[in-house]
Amino acid sequence: MDRPKIRIATTSLAGCFGCHMSFLDIDERLLELTRMADFDRSPLTDIKQLGRCDIGIIEGGVCNAENVEVLRQFRERCTHLVAIGACAINGGIPALRNRYPLEACLEEAYLRGEGLHQPAIPDDPELPPLLEKVLPVHEVVQVDYTIPGCPPSADAIWSVLCALLAGREPELPRPLIHYD
Amino acid sequence: MPEFLLDGRSVPFEPGQTVMEAAIAAGIYIPHLCWHPAFEPHGSCKLCTVDIDGRPASACTRPAEAGMQVTSGSEALRRLRLRLTQMLFVEGNHFCPSCEKSGDCELQAMGYYLGMTDNHYPHFYPRRELDASHPDILLDRDRCIFCELCVRASRKEGKSVFALAGRGPQTRLVINSPSGRLGDSELDAGDEAAGICPVGAIVRRNTAYRVPIGQRRYDLAGIDEESLARERPLLGRADGPTED
Ligand code: SF4
Ligand code: SF4
Ligand code: FES
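Just so you know, the protein sequences line up as chains G and E, in that order. Each residue of the first sequence is one higher than the last, beginning at 6 in my numbering. Each residue of the second sequence is one higher than the last, beginning at 66 in my numbering.
It is possible that part of the hints are untrue.
As the list claims (entries may be wrong) - With the Cβ distance kept under 8 Å, some of the chain E side facing chain G (calculated, not the full set):
(1) Arg74
(2) Ser75
(3) His101
(4) Phe104
(5) His107
(6) Ser167
(7) Asp169
(8) Gly176
(9) Phe211
(10) Asn271
(11) Ala273
(12) Tyr274
(13) Pro277
(14) Ile278
(15) Gln280
(16) Ala286
No lab work stands behind these hints, which were simulated from the structure alone. Small disclaimer: the values here were computed from a predicted structure and weren't measured. For glycine and all other residues, C-beta sits at the position ideal for the given N, C-alpha and C.
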């Protein structure tokens, strides 16, 4: 009777963790979920190394070199990749910077911004280099499923997860599709 | 009255009516963004593409003819309209979570109607000018879908404040005023042209959040129902039964 448990990994790239909060908003359904699935790498487990997974959930767009690396690893190791939330789907609020050159954004924030103490553009080698433009997930890797919303509702996330756990093709009913 | 067949139903029409006018008057929704019952058709968005006797045609410009066989509700046409809608999204800058029109927007509602959950194509992220020079009206070109409804409405009002200039990706909405800015034009907040934009490109200021997100037009009803309820009366057959 014991089926091997489904493995789920999640990550937040250039996002605000709002999608993860909405995920947690499935409330007591989390208990049901943990009976069927184990969490691998995720901000919820604090596991840093990604293993082989059945489902990878990506919040946020791709704004720096580290995001690219993490995303490619998720694609490689997860059978189904699910992009959730406006930022993962079209870059979202972080992509508002796409209309300006990267240099201009850095100068505005770190050299000319209000109330700066010692204006300087951060250049610590630990910081991943920024991409010229913030990209949606599907412009970097192949995405299997998407759940729009800012954030998507817990019900929307749950509906897609349930379908995947049951081996069905997820299909969001119209009332669960929202872009705001 | 002469009739044609739309998805197997007979639709009567008055000579001179388009397929769109006859369908909406009969209570049958055909998707559309640039068509509005009060104005001449513009035929640009192609959301109204239907199959007429085996060929694609725009329902908003095609005159109805007796005996036509029209298909609108097929899966193939849903997919075509989905791709067109996704193109409209990636050509502009549509960040719904930060748009005051969210929930009242026809482009967004079209996405909901078609089951759109992503934008499919690579994004253009065009750089377009915002015009905040008018005290009562904001023009955010990032969200313009070039439907020309504002152009048609303003022309009808005798002001001709708006026009489209350029071609292809260079197309942009321009303003008829000495400075090229909206604040120096004749546009008033009460003008029809200030309220007709189907998306969040032209919005009246200080009205945006009177109705909270989640309780707006398309949060409560699909664009199909909403459009019929609003546009059918304008075609003179307000509450007749749906023709069958
Ligand atoms: S105009 Fe419509 S589709 Fe565009 S950002 Fe605003 S709500 Fe979204
Ligand atoms: S501003 Fe609005 S009404 Fe005018 S062309 Fe653009 S989308 Fe259409
Ligand atoms: S509604 Fe017919 S082309 Fe736009």
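We went through each hint and held it up to the structure:
{"no.": "1", "hint": "Arg74", "verdict": "violated (23 Å)"}
{"no.": "2", "hint": "Ser75", "verdict": "violated (28 Å)"}
{"no.": "3", "hint": "His101", "verdict": "violated (23 Å)"}
{"no.": "4", "hint": "Phe104", "verdict": "violated (27 Å)"}
{"no.": "5", "hint": "His107", "verdict": "violated (25 Å)"}
{"no.": "6", "hint": "Ser167", "verdict": "holds (4 Å)"}
{"no.": "7", "hint": "Asp169", "verdict": "violated (11 Å)"}
{"no.": "8", "hint": "Gly176", "verdict": "holds (7 Å)"}
{"no.": "9", "hint": "Phe211", "verdict": "violated (19 Å)"}
{"no.": "10", "hint": "Asn271", "verdict": "violated (20 Å)"}
{"no.": "11", "hint": "Ala273", "verdict": "violated (13 Å)"}
{"no.": "12", "hint": "Tyr274", "verdict": "violated (12 Å)"}
{"no.": "13", "hint": "Pro277", "verdict": "violated (11 Å)"}
{"no.": "14", "hint": "Ile278", "verdict": "holds (6 Å)"}
{"no.": "15", "hint": "Gln280", "verdict": "violated (12 Å)"}
{"no.": "16", "hint": "Ala286", "verdict": "violated (11 Å)"}
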